[in-house]
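Protein chains: 2
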Amino acid sequence: MKNVSIGIDVGGTNTAIGVVDREGKVLVKDSIKTPTHGNIGLFIDEITKSVRELANSVATLNPKIEILGLGIGAPNANYYTGNIEFAPNLSFKGVVPMVQLLEKNFPEMKAIAITNDANAAAIGEMVFGGAQSMKNFVVYTLGTGVGSGIVVNGDIVYGHDGFAGECGHTVLIPDGRHCGCGGTGHLEAYCSASGMKRTAFELLAKYNARNSLLAQASFNEVNSKMIFEAAEKGDKVALEVFELTGKWLGIGLANTVHHLSPEAIFLFGGPTAAGSYLFSPAIESMEHNLLPIFKNRVKVLPSQLKMGDAAIVGASALVYKELDKILA
Amino acid sequence: MKNVSIGIDVGGTNTAIGVVDREGKVLVKDSIKTPTHGNIGLFIDEITKSVRELANSVATLNPKIEILGLGIGAPNANYYTGNIEFAPNLSFKGVVPMVQLLEKNFPEMKAIAITNDANAAAIGEMVFGGAQSMKNFVVYTLGTGVGSGIVVNGDIVYGHDGFAGECGHTVLIPDGRHCGCGGTGHLEAYCSASGMKRTAFELLAKYNARNSLLAQASFNEVNSKMIFEAAEKGDKVALEVFELTGKWLGIGLANTVHHLSPEAIFLFGGPTAAGSYLFSPAIESMEHNLLPIFKNRVKVLPSQLKMGDAAIVGASALVYKELDKILA
Numbered sequence: 152m153k154n155v156s157i158g159i160d161v162g163g164t165n166t167a168i169g170v171v172d173r174e175g176k177v178l179v180k181d182s183i184k185t186p187t188h189g190n191i192g193l194f195i196d197e198i199t200k201s202v203r204e205l206a207n208s209v210a211t212l213n214p215k216i217e218i219l220g221l222g223i224g225a226p227n228a229n230y231y232t233g234n235i236e237f238a239p240n241l242s243f244k245g246v247v248p249m250v251q252l253l254e255k256n257f258p259e260m261k262a263i264a265i266t267n268d269a270n271a272a273a274i275g276e277m278v279f280g281g282a283q284s285m286k287n288f289v290v291y292t293l294g295t296g297v298g299s300g301i302v303v304n305g306d307i308v309y310g311h312d313g314f315a316g317e318c319g320h321t322v323l324i325p326d327g328r329h330c331g332c333g334g335t336g337h338l339e340a341y342c343s344a345s346g347m348k349r350t351a352f353e354l355l356a357k358y359n360a361r362n363s364l365l366a367q368a369s370f371n372e373v374n375s376k377m378i379f380e381a382a383e384k385g386d387k388v389a390l391e392v393f394e395l396t397g398k399w400l401g402i403g404l405a406n407t408v409h410h411l412s413p414e415a416i417f418l419f420g421g422p423t424a425a426g427s428y429l430f431s432p433a434i435e436s437m438e439h440n441l442l443p444i445f446k447n448r449v450k451v452l453p454s455q456l457k458m459g460d461a462a463i464v465g466a467s468a469l470v471y472k473e474l475d476k477i478l479a
Numbered sequence: 152m153k154n155v156s157i158g159i160d161v162g163g164t165n166t167a168i169g170v171v172d173r174e175g176k177v178l179v180k181d182s183i184k185t186p187t188h189g190n191i192g193l194f195i196d197e198i199t200k201s202v203r204e205l206a207n208s209v210a211t212l213n214p215k216i217e218i219l220g221l222g223i224g225a226p227n228a229n230y231y232t233g234n235i236e237f238a239p240n241l242s243f244k245g246v247v248p249m250v251q252l253l254e255k256n257f258p259e260m261k262a263i264a265i266t267n268d269a270n271a272a273a274i275g276e277m278v279f280g281g282a283q284s285m286k287n288f289v290v291y292t293l294g295t296g297v298g299s300g301i302v303v304n305g306d307i308v309y310g311h312d313g314f315a316g317e318c319g320h321t322v323l324i325p326d327g328r329h330c331g332c333g334g335t336g337h338l339e340a341y342c343s344a345s346g347m348k349r350t351a352f353e354l355l356a357k358y359n360a361r362n363s364l365l366a367q368a369s370f371n372e373v374n375s376k377m378i379f380e381a382a383e384k385g386d387k388v389a390l391e392v393f394e395l396t397g398k399w400l401g402i403g404l405a406n407t408v409h410h411l412s413p414e415a416i417f418l419f420g421g422p423t424a425a426g427s428y429l430f431s432p433a434i435e436s437m438e439h440n441l442l443p444i445f446k447n448r449v450k451v452l453p454s455q456l457k458m459g460d461a462a463i464v465g466a467s468a469l470v471y472k473e474l475d476k477i478l479a
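Which chain is which? The protein sequence lines are A and B, in order. Every letter in the first sequence is one number past the one before it in this note's numbering, and letter 52, counting from 1, is 203. Every letter in the second sequence is one number past the one before it in this note's numbering, and letter 167, counting from 1, is 318.
If you're looking for bench data, these hints aren't it; they were derived computationally from the structure. All figures in this text were calculated on a predicted structure; none of them were measured in a lab. Any given hint could turn out to be false.
Claimed, not checked - Capping the alpha-carbon separation at 25 Å, the derived lysine-lysine pairs in BS3-like fashion look like this:
1. B:K244 - A:K446
2. A:K286 - B:K476
3. A:K476 - A:K286
4. A:K176 - A:K261
5. A:K476 - A:K176
6. B:K472 - A:K476
7. A:K200 - A:K215
8. A:K398 - A:K387
9. A:K244 - B:K446
10. B:K472 - A:K286
11. A:K184 - A:K200
12. B:K244 - A:K286
13. A:K476 - B:K476
14. A:K476 - B:K286
The whole structure should be built from the sequences, with the hints applied where relevant.
Next up, the structure:
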């Protein structure tokens, strides 16, 4: 018998579903539109149909495969309640009892659990990735926003009500840039992909940098990949974007270290493709801002989950983590 | 048989030692000078002598008393190793194996453990104070410095190497005030008792406030108690010190909430005697800086450990916590 689990990544636009084996390999996968109609019943039906089809295809590949459970990664997901709660970027209003609804359709599953995207990334890192031997670490997910998943003594920190790990909304610069959440000065407003774009446009304005490679695209066109490509061509504005982003991110990482003293912090997401352009100034700034007892003792590492499938793989890892808890 | 434990609070100047019962009441106590000679052997001898004398006096009070163990709170103490490591304000150099040395002298004790002052305060709050029903909370200790003890799922967070909970050294204002640790812009440089004094002197300078009650004392004379007394008399500079300190502290508390989603944050130490002068602006600022999912859901409370004996009581609580772990 070969055990597998199913990972479901609910995104703002698409929902990716995949069957993942105990080594973190995606055997088969599917993608459906995340609905905009707000009807959760229809969405659960579509997920159920997709899961059943995937189960059939793995059964034809290997009849001895057993599907242990469903792990779901979704914005504003609450592990404790099994709900998605007031997710601003999804069409479902209020509180959506995802786990309860899926349990009705899949009574045969040993574990069905949900958590937010960043916690799923952290569990993926723990079960399949670079944190397999670690008990205390943190994952920062850098993308449109900045999320984080915190692991203490081998368990995700959910906190009192399930919503711990919102390091993207710690204050970096009091009264600074407006954040998408309505706050000001948050790390996310500086270190996310869109934060990098904002930095690029501040620098274009500061230097009146007509010759920058970034001076030819609109605010809505520029993205972190373009900034990386410009940096590789030696564009001064793009290079300074990475210097500043790294400096700011390093302060945030240092603040996290001073809270939690982790063995490592993993960086995950699109902007990390820039490698040392981002990592070098981030590590330098973090070290600069650490107490002596922490200096040179905390690793800052790229996530070891493969970008394309990472969200599915992370969500699927939640099932193994749940079953470990049940067996413990 | 009545079980008690002994709390030892190693401070920069004095070391307080007390016998504490299961209700957190100090039965007898003693104070010895924390040596400046750097000889750890002599210090251990003096602690041993004091503990033996206290044990004798409680035995005469009640022959049925059993002393379960020794709990030690000390700066730069590492719970994992049992050592005090490179404490800048103590005369002992390098790594001092406190637990190991005390175990030699007290083989009859069921538990001997050490942690830093702020973690001891958090354990005290959990065992004897306002956090007895809580599994996720944080204690901020405000004094000469700012420390913190973090509890997740009912356990102190020590992190990878034992030094978690240094929220006082998170960055509040990048490139801001110099901190005693050598860093810049740390919360401790703004929200500690000495941070409040620095704020007072900045405001005296800003307003040229010759009429302020704080204008008559030197930089080395002013302390947080004087600022509180001046605020009670309506002194504008003193009132603004509390407004600013609360605003800054609230940002730090919000950053902690975004990491950990605690049920409550307890404030402990001298400056908290100012009550609503400090708590009101701190809570207002924290709420202002929280994501909507956290707003009005995290309590900010004064510590319920009695100020005078809190350090002894907190250290003694470590013994009960250790024995709970052994029994679990």
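Now for the hints, and whether the structure bears them out:
{"no.": "1", "hint": "B:K244 - A:K446", "verdict": "holds, 19 Å"}
{"no.": "2", "hint": "A:K286 - B:K476", "verdict": "holds, 18 Å"}
{"no.": "3", "hint": "A:K476 - A:K286", "verdict": "holds, 15 Å"}
{"no.": "4", "hint": "A:K176 - A:K261", "verdict": "holds, 20 Å"}
{"no.": "5", "hint": "A:K476 - A:K176", "verdict": "holds, 22 Å"}
{"no.": "6", "hint": "B:K472 - A:K476", "verdict": "holds, 23 Å"}
{"no.": "7", "hint": "A:K200 - A:K215", "verdict": "holds, 21 Å"}
{"no.": "8", "hint": "A:K398 - A:K387", "verdict": "holds, 16 Å"}
{"no.": "9", "hint": "A:K244 - B:K446", "verdict": "holds, 19 Å"}
{"no.": "10", "hint": "B:K472 - A:K286", "verdict": "holds, 21 Å"}
{"no.": "11", "hint": "A:K184 - A:K200", "verdict": "holds, 13 Å"}
{"no.": "12", "hint": "B:K244 - A:K286", "verdict": "violated, 30 Å"}
{"no.": "13", "hint": "A:K476 - B:K476", "verdict": "holds, 19 Å"}
{"no.": "14", "hint": "A:K476 - B:K286", "verdict": "holds, 18 Å"}
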